[in-house]
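Participant: Protein chains in written order, with this note's numbering: chain H, 35 to 321; chain G, 35 to 321.
Careful: at least some of the hints might be erroneous.
As the list claims (entries may be wrong) - Computed footprint of chain H on chain G, listed as stretches where at least three residues anywhere in the stretch have a Cβ under 8 Å from a Cβ of chain H:
(1) 181-191
(2) 244-256
Unchecked claim - Example chain H residues on the side facing chain G (calculated, C-beta under 10 Å, incomplete):
(3) F79
(4) T82
(5) I85
(6) E86
(7) S157
(8) Y178
(9) Q179
(10) G180
(11) F190
(12) Y205
Think of the hints as simulated: they come from the structure by calculation, not from any bench.
Using N, Cα and C, we set each Cβ at its ideal position, and we do this for glycine too.
If you want the building blocks of each chain, they are given just below.
Protein chains: 2
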Amino acid sequence: MLIGGIEAGGTKFVCAVGDDHGKIVDKITIPTEGPDETFQEVKKFFKTYPIEALGVGSFGPIDLNTKHETYGTILNTPKTEWKHYDLLGRLKADFPIPVYLDTDVNAACLGEYLYGAGKNADSTLYITVGTGIGAGFVYQGSTYQGTSHPEMGHIFIEKRGDDRFTGSCPYHGSCLEGLASGTAIEERYQVRGDLLQENETVWELEAHYLAQAIVNYIMVLSPERIILGGGVMKQEKLYGMIREKVREMVNDYVAIDDVEELIVAPELDDEQGVKGAIGLVFRDEDV
Amino acid sequence: MLIGGIEAGGTKFVCAVGDDHGKIVDKITIPTEGPDETFQEVKKFFKTYPIEALGVGSFGPIDLNTKHETYGTILNTPKTEWKHYDLLGRLKADFPIPVYLDTDVNAACLGEYLYGAGKNADSTLYITVGTGIGAGFVYQGSTYQGTSHPEMGHIFIEKRGDDRFTGSCPYHGSCLEGLASGTAIEERYQVRGDLLQENETVWELEAHYLAQAIVNYIMVLSPERIILGGGVMKQEKLYGMIREKVREMVNDYVAIDDVEELIVAPELDDEQGVKGAIGLVFRDEDV
Ligand SMILES: Nc1ncnc2c1ncn2[C@@H]1O[C@H](COP(=O)(O)OP(=O)(O)O)[C@@H](O)[C@H]1O
Ligand SMILES: Nc1ncnc2c1ncn2[C@@H]1O[C@H](COP(=O)(O)OP(=O)(O)O)[C@@H](O)[C@H]1O
Ligand SMILES: [Zn+2]
Ligand SMILES: [Zn+2]
Numbered sequence: 035m036l037i038g039g040i041e042a043g044g045t046k047f048v049c050a051v052g053d054d055h056g057k058i059v060d061k062i063t064i065p066t067e068g069p070d071e072t073f074q075e076v077k078k079f080f081k082t083y084p085i086e087a088l089g090v091g092s093f094g095p096i097d098l099n100t101k102h103e104t105y106g107t108i109l110n111t112p113k114t115e116w117k118h119y120d121l122l123g124r125l126k127a128d129f130p131i132p133v134y135l136d137t138d139v140n141a142a143c144l145g146e147y148l149y150g151a152g153k154n155a156d157s158t159l160y161i162t163v164g165t166g167i168g169a170g171f172v173y174q175g176s177t178y179q180g181t182s183h184p185e186m187g188h189i190f191i192e193k194r195g196d197d198r199f200t201g202s203c204p205y206h207g208s209c210l211e212g213l214a215s216g217t218a219i220e221e222r223y224q225v226r227g228d229l230l231q232e233n234e235t236v237w238e239l240e241a242h243y244l245a246q247a248i249v250n251y252i253m254v255l256s257p258e259r260i261i262l263g264g265g266v267m268k269q270e271k272l273y274g275m276i277r278e279k280v281r282e283m284v285n286d287y288v289a290i291d292d293v294e295e296l297i298v299a300p301e302l303d304d305e306q307g308v309k310g311a312i313g314l315v316f317r318d319e320d321v
Numbered sequence: 035m036l037i038g039g040i041e042a043g044g045t046k047f048v049c050a051v052g053d054d055h056g057k058i059v060d061k062i063t064i065p066t067e068g069p070d071e072t073f074q075e076v077k078k079f080f081k082t083y084p085i086e087a088l089g090v091g092s093f094g095p096i097d098l099n100t101k102h103e104t105y106g107t108i109l110n111t112p113k114t115e116w117k118h119y120d121l122l123g124r125l126k127a128d129f130p131i132p133v134y135l136d137t138d139v140n141a142a143c144l145g146e147y148l149y150g151a152g153k154n155a156d157s158t159l160y161i162t163v164g165t166g167i168g169a170g171f172v173y174q175g176s177t178y179q180g181t182s183h184p185e186m187g188h189i190f191i192e193k194r195g196d197d198r199f200t201g202s203c204p205y206h207g208s209c210l211e212g213l214a215s216g217t218a219i220e221e222r223y224q225v226r227g228d229l230l231q232e233n234e235t236v237w238e239l240e241a242h243y244l245a246q247a248i249v250n251y252i253m254v255l256s257p258e259r260i261i262l263g264g265g266v267m268k269q270e271k272l273y274g275m276i277r278e279k280v281r282e283m284v285n286d287y288v289a290i291d292d293v294e295e296l297i298v299a300p301e302l303d304d305e306q307g308v309k310g311a312i313g314l315v316f317r318d319e320d321v
């Protein structure tokens with residue numbers, strides 16, 4: 035059985051055809067234009083494959099509450115052509131097969147859970163630290179979905195006394211994303227993150243904020259595995275710094291069996307999103 | 035079918051016999067002594083009833099990871115006779131019927147979900163603000179359980195600039211519990227919470243901290259219902275203050291359909307714990 039998967043991102047759509055063992059048969063990347071132009075290319079790619087179902091991990095915010103009339107619709111986004119766009123309606127119109135829809139981060143988390151760094155972990159959290167900060171969660175084999183989708187990047191944490199930056203989040207100022215995303219780093223130091231590589235205080239502060247957030251996720255979700263991805267995590271020294279700070283901050287209040295096993299890097303390079311999108315088909319409910 | 039339920043607390047054990055519709059047939063409250071004295075009373079109470087299964091919501095911290103050798107054991111607790119006590123072993127020895135074990139807060143949450151303020155909510159969070167702060171969570175009809183149990187009272191939040199108190203948590207200082215539990219209020223103002231009733235700035239700060247924490251829980255779990263109980267919430271004005279602050283802090287980043295429906299008071303008086311303990315029998319897996 036062939037399954038289609040789409041990682042629908044704000045800058046690119048990755049489309050792939052694969053199976054339920056994580057094998058990818060074919061794959062393309064399409065720059066994200068308006069919905070019509072983009073879906074024309076998407077349809078063209080899938081046309082030659084007899085896919086029997088389609089899984090989609092989408093950028094957001096997107097309404098995933100099945101009780102809402104706007105279910106499946108992109109909500110507020112700076113990309114005006116996609117604002118309030120009925121993504122699920124379009125998918126169903128273009129593909130008369132079962133369609134499964136979730137967030138991009140949930141799909142990425144499911145990909146790592148099925149085939150990567152989350153394998154055999156009953157509860158897997160996947161955090162991406164990039165332009166923004168987002169997270170997906172897999173619990174008991176399925177992606178987590180509350181009444182709306184989580185927006186874990188926007189939790190409040192304690193700003194450190196020596197940090198004079200007011201935060202980059204347009205909604206909350208100094209929420210986690212406002213203090214620790216790639217955008218926040220760029221605004222705080224007025225230079226791109228990759229150019230700050232040698233500046234230790236930058237990464238010490240970054241690790242401090244990410245560790246605080248991870249402690250909060252541990253206290254709330256008690257995940258078995260926490261995967262940290264995204265552009266900022268290309269600073270690989272962050273992993274060790276974060277592990278140490280998480281251990282210090284938890285201060286033995288909850289048992290952490292092995293922090294090296296708990297906090298890890300992704301394993302699927304850039305394919306967790308599309309592999310997870312395909313995985314949605316056999317892990318989520320049909321919509 | 036008759037089911038036994040125990041709310042095993044640090045100061046009292048509430049034992050009840052009931053059915054799977056929330057009806058309570060008989061109930062007693064036993065002060066918590068050492069394990070032997072306590073279980074002698076517990077056994078005596080249940081002896082006259084032909085209960086077919088037993089559900090227990092226990093104080094903690096307790097090891098609920100089935101992969102651990104210490105599964106079912108009370109961990110660190112100031113109550114020395116219960117420290118490292120094999121609670122599940124004792125329950126199984128005393129009651130040769132199926133036994134279901136969870137945390138006290140998860141049981142309370144399940145009770146409210148089944149029969150109280152969480153009815154018909156797909157995901158229900160129950161927070162108790164008392165001597166400490168704890169929370170239980172019901173997701174898709176069952177109590178939530180990560181690799182360990184959540185300790186949601188110990189998340190980090192932002193301390194307000196005008197608050198000079200360093201926090202009462204022995205592990206984290208100014209975590210949520212350290213800033214906003216009944217103990218924290220007492221230590222900050224050197225007087226018991228109920229005597230501060232008329233002091234508006236006390237409750238304004240309290241609502242500020244609880245609202246921040248609730249925003250974090252919303253961002254991570256996206257619950258459909260949030261129930262606030264415990265001694266501190268006897269200051270009923272807190273509900274309105276918290277709702278308003280949560281709305282302000284979320285700042286429309288995620289949609290809150292109706293904050294009065296989202297953040298509510300418990301409905302089962304002091305019976306959510308024991309009714310939820312009975313509910314564990316038909317909602318959780320046998321252990
Ligand atoms: N080597 C690096 N070191 C630090 N920051 C980086 C590095 N590479 C990219 N970034 C930052 O990561 C962000 C982009 O994250 P990425 O995950 O690639 O994209 P997006 O979040 O938009 O999907 C930018 O803010 C960029 O400055
Ligand atoms: N009316 C009240 N106003 C404010 N605080 C109160 C009130 N009643 C009790 N408290 C506080 O609540 C805490 C006890 O919480 P409770 O839920 O009753 O017990 P526990 O958490 O030990 O199970 C104490 O710190 C007490 O000071
Ligand atoms: Zn934010
Ligand atoms: Zn604490």
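Participant: All hints, please: hold or fail.
Facilitator: How the hints compare with the structure:
1. 181-191: holds (count 11)
2. 244-256: holds (count 8)
3. F79: violated (33 Å)
4. T82: Violated: closest Cβ of chain G sits about 39 Å from H:T82, beyond 10 Å.
5. I85: violated (29 Å)
6. E86: This interface hint is violated because 27 Å lies over the 10 Å limit.
7. S157: holds (5 Å)
8. Y178: holds (8 Å)
9. Q179: holds (8 Å)
10. G180: This hint holds: H:G180 lies near chain G, its Cβ roughly 3 Å from the closest one there, short of 10 Å.
11. F190: holds (5 Å)
12. Y205: Hint holds; H:Y205 Cβ to chain G Cβ min 4 Å, cut 10 Å.
Violated hints, listed in ascending order, are 3, 4, 5, 6; each of the other numbered hints is respected by the structure.
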